[in-house]
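Q: Each chain is listed here by its residues.
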Amino acid sequence: MPGLDGVTIAIVLLGIGLLGLVLRRDLVMKLLSLGVVDASVILCLIALGARRQGAPPILQPSAAAPYVDPLPQALVLSAIVINFALVALALVFVMLLVERYHTTDPERIEREIAAEEEER
Amino acid sequence: MIAALLPLLHLLWGSLSLAWGRRARAIAWVALLGDVVLLGLLWPRILAGSEVRLALGGWGPGLGIAVVADKTALWFTILLVFLEGGVLSYLRRTTLAPVFFMLLHLLLGAALALLFSRDLFNIYVILELLTFVSYLLVGYERRSGQIWAGLKYLILASVGMNLYLLGVAVVYYHTGTLDLTLLSSRLPAQAPWIPLAAALLAGGIAVKAGIFLYSLWLPRAHASAPPAVSALLSGLVIKMGIVVLLRLAPIFPLRTALLVLAGLTGVAGILYAYVALDLKRILAFHTLSQIGYLLFGIGLGTPAGLLGATEYAVSHGLFKALLFLAAGTAVNATGQRAVPGLIRERHRIPRSTRLALLIGTLGIVGLPPLAGFCGKATLCADLPSAFLLALPLLFTLGTALSFSKLVPLFILSPGPSAPTGQATAYAVLGLPILLFLPAVRPLLSATEWAVALHPLPFAETIGAIVLGALAYRFFPSRRLPLPRRLFRLEEAILTLLAGVLFILVLCLVS
Chain R
-5 MPGLDGVTIA IVLLGIGLLG LVLRRDLVMK LLSLGVVDAS VILCLIALGA
45 RRQGAPPILQ PSAAAPYVDP LPQALVLSAI VINFALVALA LVFVMLLVER
95 YHTTDPERIE REIAAEEEER
Chain D
4 MIAALLPLLH LLWGSLSLAW GRRARAIAWV ALLGDVVLLG LLWPRILAGS
54 EVRLALGGWG PGLGIAVVAD KTALWFTILL VFLEGGVLSY LRRTTLAPVF
104 FMLLHLLLGA ALALLFSRDL FNIYVILELL TFVSYLLVGY ERRSGQIWAG
154 LKYLILASVG MNLYLLGVAV VYYHTGTLDL TLLSSRLPAQ APWIPLAAAL
204 LAGGIAVKAG IFLYSLWLPR AHASAPPAVS ALLSGLVIKM GIVVLLRLAP
254 IFPLRTALLV LAGLTGVAGI LYAYVALDLK RILAFHTLSQ IGYLLFGIGL
304 GTPAGLLGAT EYAVSHGLFK ALLFLAAGTA VNATGQRAVP GLIRERHRIP
354 RSTRLALLIG TLGIVGLPPL AGFCGKATLC ADLPSAFLLA LPLLFTLGTA
404 LSFSKLVPLF ILSPGPSAPT GQATAYAVLG LPILLFLPAV RPLLSATEWA
454 VALHPLPFAE TIGAIVLGAL AYRFFPSRRL PLPRRLFRLE EAILTLLAGV
504 LFILVLCLVS
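Chains as they are written, first to last, in our numbering: chain R, -5 to 114; chain D, 4 to 513.
Among the hints, erroneous ones may be present.
[What the hints assert, rightly or not] Sample of chain R residues facing chain D (criterion: CB under 10 angstroms; computed from the structure):
| hint | residue |
| --- | --- |
| 1 | 24 |
| 2 | 60 |
| 3 | 62 |
| 4 | 77 |
| 5 | 79 |
| 6 | 81 |
| 7 | 83 |
| 8 | 91 |
| 9 | 94 |
| 10 | 95 |
By construction, these hints were calculated from the structure, which means they are not laboratory data.
This structure is a prediction, so every number in the text was calculated from the model and none was measured.
Every residue, glycine too, gets a C-beta built ideally from N, C-alpha and C.
Taking the hints into account, I'd like the entire structure generated from these sequences.
A: Next comes the structure, spelled out in structure tokens:
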């Protein structure tokens, strides 16, 4: 679509993700927003890499045309794996907290933990 | 070759200690021995003046990941070896799951890999690995406070690393390289995108480097983690962010921003530490404040400033680790976390622990000629204007003021004896603090060495310390209306984003 390239979408997504991260009072929703932030950055990397138009970077004997820079696509692969592991690990700790406090509200968790530490 | 082998070996030790859990402790000692031997082979070559360079996989420059061992890396590897030895001795009689040792090896391996790394994306991957490992180590005991602190750390660090990755994307789009050496030659002198890239990269790293406004997760995480973990996090992991800033600062126009942040983190850290009563929280806030010296040196950008920052990072790693280990023992022995309680029960703290706390305190206030002093003296050796000298002196005064609360702890009456492992740990970390000045002689040139012996910084530092201690007699009240909400998750994310904008503005102005 003209006028709507990947970088613009990425920046909008980044804004949405950050807003969700700050405004949602629910840890699970926060982690999902974090996923949106991750996705926006990945999209930005790919879109910037493909801005100079070209063929997909696959080595073929006939392909002489300019092709898209393959490096960002390789980088993104590691970034996706890292982000996946990160959200998974975070969810494990959220599960532990939910088991103990029966809430995903960060404010309440913060208060309960502060109260516990006062007692000790 | 050795530079690539060191981190890889730690990954091997890590998986071995998981597979052969009963021998995990022995494997850790073997790993320490291996590190010392390999680094012993590497050090003479770097000291002879040559950088050891290796392109992984035999790819050409710009494509392959470059691994470079230089003098800065050398300083930090020394810190790493001492911390590894100290923490392993400290943990000698404790029961730990094999997975703890695996995490320990991953932490050390990632730190080594980062020290030798010269590639923006490689740095990103390693910093993320460090995030994972520190997150799991903070929550190792599974207490609610630790889990919550770890979770906050993970979320904030992840936002920061995403911003960093955006910066990497901008840099790569405009220059077509990720290699820092190539980048410094390809970067144009003036371009509208450079401040943006610099702000994103530096703001992202600042989350991991323990800078106030960015690292608001730090006080809670470092104060609630087990002592050995706090020692490693405060001594080593925070320094990894600093190493990256050391590499970025000469390339990007970050000097003004770093000097401003130095003042901010130094003053804010000291204020919060001054009002805090919980011993481990005091230490955690002083991590924030001492980062001020490091940013000051990096921000100056002079050879003396950079060397001073490196020296001070190493010294800070040593005494902060010692303080956290000793504080952990003191808190366990008395069951008190707050300083007044500790002072009441001081006879129950082992004497060696009290001595370790004393040495750490003397180091952190920078009493000449201990470890902290050497770095500070070098930092201020080559200032562009005498006005700037006020900042480090103010930090020294504030640190002395805040640590004056601990003075009643240092009595010489006998107490219960500490386990030999802990005493060894104190010796491993304490002796380098005491003997820092003679010990670093081989690493410095004659002129750099002369700077540390100059009488002027001696007098200035002692003056600042005495003033700080005197100030404590007149202002012992500790009620200041400091914002506490800042440390909650949402507020911390907002301040982080505001901080990135702040760096952007400072980069545009300068």
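Q: Taking the hints in turn, state whether each one holds.
A: For each hint, the structure was consulted:
| no. | hint | in the structure |
| --- | --- | --- |
| 1 | 24 | holds, 7 angstroms |
| 2 | 60 | violated, 14 angstroms |
| 3 | 62 | violated, 13 angstroms |
| 4 | 77 | holds, 8 angstroms |
| 5 | 79 | holds, 7 angstroms |
| 6 | 81 | holds, 8 angstroms |
| 7 | 83 | holds, 6 angstroms |
| 8 | 91 | holds, 6 angstroms |
| 9 | 94 | holds, 6 angstroms |
| 10 | 95 | holds, 8 angstroms |
When each numbered hint is compared with the structure, violations occur for hints 2 and 3.
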